[in-house]
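What follows is the residue order along each chain.
2 protein chains.
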Amino acid sequence: MTSAKKPPTEIDFIQWIREHTPQLPENYVVGIGDDSAVVNTFGKTSVVITTDSVVEGVHFKPETEPYLAGRKAMARGLSDIAAMGVEPSFCVAAVCFGQNSSLRDAKAVYKGMRFIADKFNVKIIGGDVSNSGKNLFLINVTAIGLTRMKPVTRSGARDGDAILVTGALGGSILGRHLNFLPRIKEGLALNRKFKLHSMIDISDGLAADLGHILEESRCRGAVLYENAIPVSASAEKLARSTRRPVIEHCIYDGEDYELLFTASQQEARKILEWAKGRIKISVIGQIRNNKKGIFLGSGNRETELEKKGYRHTMRS
Amino acid sequence: MTSAKKPPTEIDFIQWIREHTPQLPENYVVGIGDDSAVVNTFGKTSVVITTDSVVEGVHFKPETEPYLAGRKAMARGLSDIAAMGVEPSFCVAAVCFGQNSSLRDAKAVYKGMRFIADKFNVKIIGGDVSNSGKNLFLINVTAIGLTRMKPVTRSGARDGDAILVTGALGGSILGRHLNFLPRIKEGLALNRKFKLHSMIDISDGLAADLGHILEESRCRGAVLYENAIPVSASAEKLARSTRRPVIEHCIYDGEDYELLFTASQQEARKILEWAKGRIKISVIGQIRNNKKGIFLGSGNRETELEKKGYRHTMRS
Chain A
20 MTSAKKPPTE IDFIQWIREH TPQLPENYVV GIGDDSAVVN TFGKTSVVIT TDSVVEGVHF
80 KPETEPYLAG RKAMARGLSD IAAMGVEPSF CVAAVCFGQN SSLRDAKAVY KGMRFIADKF
140 NVKIIGGDVS NSGKNLFLIN VTAIGLTRMK PVTRSGARDG DAILVTGALG GSILGRHLNF
200 LPRIKEGLAL NRKFKLHSMI DISDGLAADL GHILEESRCR GAVLYENAIP VSASAEKLAR
260 STRRPVIEHC IYDGEDYELL FTASQQEARK ILEWAKGRIK ISVIGQIRNN KKGIFLGSGN
320 RETELEKKGY RHTMRS
Chain B
20 MTSAKKPPTE IDFIQWIREH TPQLPENYVV GIGDDSAVVN TFGKTSVVIT TDSVVEGVHF
80 KPETEPYLAG RKAMARGLSD IAAMGVEPSF CVAAVCFGQN SSLRDAKAVY KGMRFIADKF
140 NVKIIGGDVS NSGKNLFLIN VTAIGLTRMK PVTRSGARDG DAILVTGALG GSILGRHLNF
200 LPRIKEGLAL NRKFKLHSMI DISDGLAADL GHILEESRCR GAVLYENAIP VSASAEKLAR
260 STRRPVIEHC IYDGEDYELL FTASQQEARK ILEWAKGRIK ISVIGQIRNN KKGIFLGSGN
320 RETELEKKGY RHTMRS
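Chains as they are written, first to last, in the working numbering: chain A, 20 to 335; chain B, 20 to 335.
For reference, chain A alone in the conformation it holds in the complex:
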C-alpha cells in the first residue's frame, strides 16, 4: 500500500491553521507551533500557556488506573511549561468521563493530578466535568506559568549548536510514560543560569522532536552521536523483548518527557560543568546546516534517520 495517499494528520491540520491564523499583535510573543504560547501582560509579567489532552485508548489503556491517567495528564501539561524554561504556576483541568466512570474513578483522577500539581506547587484553580455517555474518557489540562523571565522556544537553534538532553531515553512504554516527573526544576534552572538557544520536551521521540526544533529554527540538519545518547534501563529491557537495537528505542520511542535543548558549544561546556552531581545532562549531537536531515554518527559512519514518530491521522 506504499502508493496510497497518506491520510491527513494532525500536522496537516496544524499547518493549515498556521497558514490561516492572522499575525498576532506584538504582545503575543510565541503563538501556535511551540510547547506553549507566550503573551506579555500590561506589566512585565508574561503568561506562558499550554493545553494538552490525554485520551483513553491513545495516551493510556482502558485498563490503566484512573489515578495514573490523572497523573500523566497533569505531568504532560506541566512538562510543556517546563520546556519553555519556566515554572508552571497554576492550571485548569477539564475531564470528560466515560459511561462507566464511577465517582471513585473521578476522585482517583483528581488525586493523580493533585499528586503532580502539589509536588511542583502548582494550583488547580478551576475545571470542567462532563460525561461522554460513551466508552470514552479524556483529561485535558491547561497549564499556565507567570514569569518575568524570557521563555525558551523551539525556534532559536543555530548552526553549530550543541544538542543536549536531560536524563536517559527510550522504553517509556514500560511505565515511565505514566509516572514520570516533569523536568520543571531542571528547565527553570537551565533557563536561569544559561543562555539556551532552543528547547522542547521529548514527547514524539528524540528524532521527531529534534525535527521540530530544526523546522521551527529553520535549520537544515543535525548529527546525533550514537555513543553519547543516554540509554534508559527500560530501553534496554524493552530491546531484549523487541529484539530491536536499543538505540532505536532511544531515538524513536515517544514520551520520554526529558528536555532536549541546544546552546553554543561554549555554553554547553558550562552546562555540563554545572550539571555534575546535580542533574544528568548529556551532549548528544550538533546542529549542522551543511546536512539535510538528522544523521546518526557512530565512529566514521553517519546514517540518515527515518522520519517517524507517532501521528494522529484523520480522513481527508
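Accuracy of the hints is not assured; some may be wrong.
Just so you know, same-sequence chains aren't split out, so a pair can sit in one copy or run between any two.
[Claimed, not checked] Mimicking SDA-like on lysine to any residue, the simulated pairs with C-alpha atoms at most 20 Å apart in a straight line are:
| no. | residue 1 | residue 2 |
| --- | --- | --- |
| 1 | Lys130 | Gly52 |
| 2 | Lys63 | Asn46 |
| 3 | Lys326 | Glu45 |
| 4 | Lys169 | Lys310 |
| 5 | Lys214 | Ala294 |
| 6 | Lys153 | Glu325 |
| 7 | Lys214 | Lys299 |
| 8 | Lys214 | Arg133 |
| 9 | Lys204 | Asn319 |
| 10 | Lys295 | Leu324 |
| 11 | Lys153 | Lys204 |
| 12 | Lys153 | Gln118 |
| 13 | Lys169 | Gly62 |
Calculated from the structure, these hints are not laboratory results.
Starting from the known structure of chain A, arrange chain B on it as the hints suggest.
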C-alpha cells in the same frame, strides 16, 4: 424508582473536590465554584481563566455541522469570561476528533471557533489536536481575560438585591444554543459602569443558575416575578409543540447564555435607565433571605420552583 439512591453527579464530584482542595494563596482571588477563576499577577493585572468542553452527543448532536460545534465551544468559553464582567483576551483550544472526522471537519471546527473569536477580538494562540479513534468528538476551550478591573463573582448577592437578566429566555434548543453570541460587551459595560453584586451566565437554566448564585452567596431564597421574565420567540414556539406553559421553558431550559446578575435596588434603577435603547435588560426578581428556595410570584400567589436542571451523572 423514587426510592433508589440517585447516581452521583458532577455536582457531587465538584463538591468533593472543593472539600479536598487546600486553601489557595492570597493572589488566587477566585477559585473553583465560579464561572472563571481569577489570579492576580505580580503587577496590577488579573488573569481570569475558564475551561469548558462541548461533547458530541451531550452538547451537540452527532449530525450537528462541525462549524456550529466549533462556534458553540468558543462562544461558551468566552461567555464564562463575560459572566465575570471581563473581556476575554485570548484562548487555547484542544480538539479530540472522532474516528470518522475528516480534515474538512477539522477545518470547519476551526472556522466556527474563529468566527466567534474574531468577532470579539479574541486570539487563538495555541491548541492541541488528538483523535479518540472512536465515535467521539469533543472540543475544549480555555479562555483567558487579562484585566485591571475587579471581576464580578457568583458569590456577592445580598438580601434585597434586584435580580436582572439580559435578553430573553427559553427555547434555545431550537437553535440558539449553537449560534448564540456571548454577552461580552454587555458584561464588560455593566461591570465598568455599575456596582454589580453577583453575576453568572445562564447555562443550566434560569432557576438552576439563580440557585448557584444563592448557594455561592450564602443567600437563602429569591422570588422571580412571572410577568417580568422576558420570553424569547423560541420559547413560545417550543411551548406550542411541547404544550407546556411557556414560563417553564424560560425557567428550566438551559443554554440561554444570557447574563443573570444582581445589584442593589437603587443600582438596578440606574442600570435600567442606562440600558434603554442599548441592551434589553429586565428586573425579574429579588433576593429574599426570609424565604428558603426559589419562588415564582404571579399576582398574590408564590409557588416554590422545583430544583431541576441538566446534570451529568456517574456511577457511584
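Worksheet item: Hint by hint, which ones does the structure fall short of?
Response: Numbers 3, 4, 6, 8, 9, 10, 11 - these are the hints that the structure violates, sorted from lowest upward.
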